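Whole structure, please, built from the sequences with the hints as guidance.
2 protein chains.
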Amino acid sequence: MSKDTLPGLTLCNNAVLRRATRKLGQFYDDVVAPSGLKATQQGLLYQIHIGDEPAMGAIAAALVMDLSALGHTLKPLIRDGYVETFTDPDDRRIKRVRLTPQGSVKLDEAMKLWRVAQQRFEDMVGKEQAAMLRAALDDIAALDFGIPPAAP
Amino acid sequence: MSKDTLPGLTLCNNAVLRRATRKLGQFYDDVVAPSGLKATQQGLLYQIHIGDEPAMGAIAAALVMDLSALGHTLKPLIRDGYVETFTDPDDRRIKRVRLTPQGSVKLDEAMKLWRVAQQRFEDMVGKEQAAMLRAALDDIAALDFGIPPAAP
DNA sequence: CGCAAACAGTGGCATATGCCACTAATTGAA
DNA sequence: TTCAATTAGTGGCATATGCCACTGTTTGCG
Numbered sequence: 001m002s003k004d005t006l007p008g009l010t011l012c013n014n015a016v017l018r019r020a021t022r023k024l025g026q027f028y029d030d031v032v033a034p035s036g037l038k039a040t041q042q043g044l045l046y047q048i049h050i051g052d053e054p055a056m057g058a059i060a061a062a063l064v065m066d067l068s069a070l071g072h073t074l075k076p077l078i079r080d081g082y083v084e085t086f087t088d089p090d091d092r093r094i095k096r097v098r099l100t101p102q103g104s105v106k107l108d109e110a111m112k113l114w115r116v117a118q119q120r121f122e123d124m125v126g127k128e129q130a131a132m133l134r135a136a137l138d139d140i141a142a143l144d145f146g147i148p149p150a151a152p
Numbered sequence: 001m002s003k004d005t006l007p008g009l010t011l012c013n014n015a016v017l018r019r020a021t022r023k024l025g026q027f028y029d030d031v032v033a034p035s036g037l038k039a040t041q042q043g044l045l046y047q048i049h050i051g052d053e054p055a056m057g058a059i060a061a062a063l064v065m066d067l068s069a070l071g072h073t074l075k076p077l078i079r080d081g082y083v084e085t086f087t088d089p090d091d092r093r094i095k096r097v098r099l100t101p102q103g104s105v106k107l108d109e110a111m112k113l114w115r116v117a118q119q120r121f122e123d124m125v126g127k128e129q130a131a132m133l134r135a136a137l138d139d140i141a142a143l144d145f146g147i148p149p150a151a152p
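Protein sequences, first through last, are from chains P and E. Residue numbering for the first sequence follows the numbering used here, starting at 1 and increasing by one per position. Residue numbering for the second sequence follows the numbering used here, starting at 1 and increasing by one per position.
Hints listed in this document are in silico derivations from the structure and should not be mistaken for laboratory results. Small disclaimer: the values here were computed from a predicted structure and weren't measured. Possibly wrong hints are sitting among the right ones.
A pair counts as met if it fits within one copy or between any two copies, since identical chains are not told apart.
As the list claims (entries may be wrong) - Here are the computed lysine-lysine pairs in the DSS-like style, where the Cα-Cα straight-line distance is at most 30 angstroms:
| hint | residue 1 | residue 2 |
| --- | --- | --- |
| 1 | K95 | K23 |
| 2 | K127 | K95 |
| 3 | K75 | K23 |
| 4 | K75 | K112 |
Given below as structure tokens:
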């Protein structure tokens, strides 16, 4: 064999997960790139699309992502005119997000490419295997690791 | 049900993978935090540790990570004195990496915490399930998506 | 009503990652 | 030997993510 570079960390669930994410991320990024979007951005636009002018907090929760991280990630999309935000009139703490017309067009464009990536990936690992993997990963994302704060 | 916030992107292999990575990353980070390291840094130190003064390229390959990204990630560890680099005398293009004494100590400290995280995680999802998941993720990291360049 | 606690975001700072252009070293011919 | 092609890293720029400290809003008492 010629590609057993360094074995090792293959035991850390977190490390292995990150490694796979880098690899798959590069693949989806490559395929979606012609649209000018990163795979993460395409996913975010999609998440916004399927929501009904979702609040930032709702999006962050759905993506299991830090609220401030979402805010940062949203900036380039706002700057490029794909997304816009507005304060919820019923609760001015809440800021809702929606796609602009250009954003919708861009999402359509990216989704076409995404389907190609998705298909290619599933052709390689098998549709069932992919579904099982997603289920397992969904479970992880839904795990409830203990209580960070204290219980007074 | 009360927590079905937004469904959706659960079909994109890449998005689901990233989401799980964020979640698990936060968990491992939290547990390893007392050492002052991020889980990614602990993993990187470990990778260096198990290698024999590995070259940067070898580490990057093992982690399926961009070489420049590795360089960037290494900087804070070098700055904090946990890692040092040196040019390979037989090929001065190559820069090798090794842990400093403090780096070894710090890694030991972090590994103790890592074991706790690893154990807690496997207690939750099951040792077998975790092993299967790692295997599946390893396969993904090893996938060979077509040829980016052309074949002249 | 009035104010403290809880909630939703923002901004700043730091790490994690990638891509690209560029430099330094080697290698492989001609 | 000499020079083009290849290899290994670096630096700059941009996105991806997190945590923390703060600000503006609401909500819930007393």
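Verification of the hints:
1. K95 with K23: Result: close only across copies, 24 angstroms inter versus 34 angstroms intra.
2. K127 with K95: Cα proximity of K127 and K95: none, with 38 angstroms in one copy and 42 angstroms across.
3. K75 with K23: both (25 angstroms within a copy, 22 angstroms between copies)
4. K75 with K112: Answer is within: at 24 angstroms inside a copy they meet the 30 angstroms cutoff, but 39 angstroms across does not.
The structure shown violates just one earlier hint, number 2.
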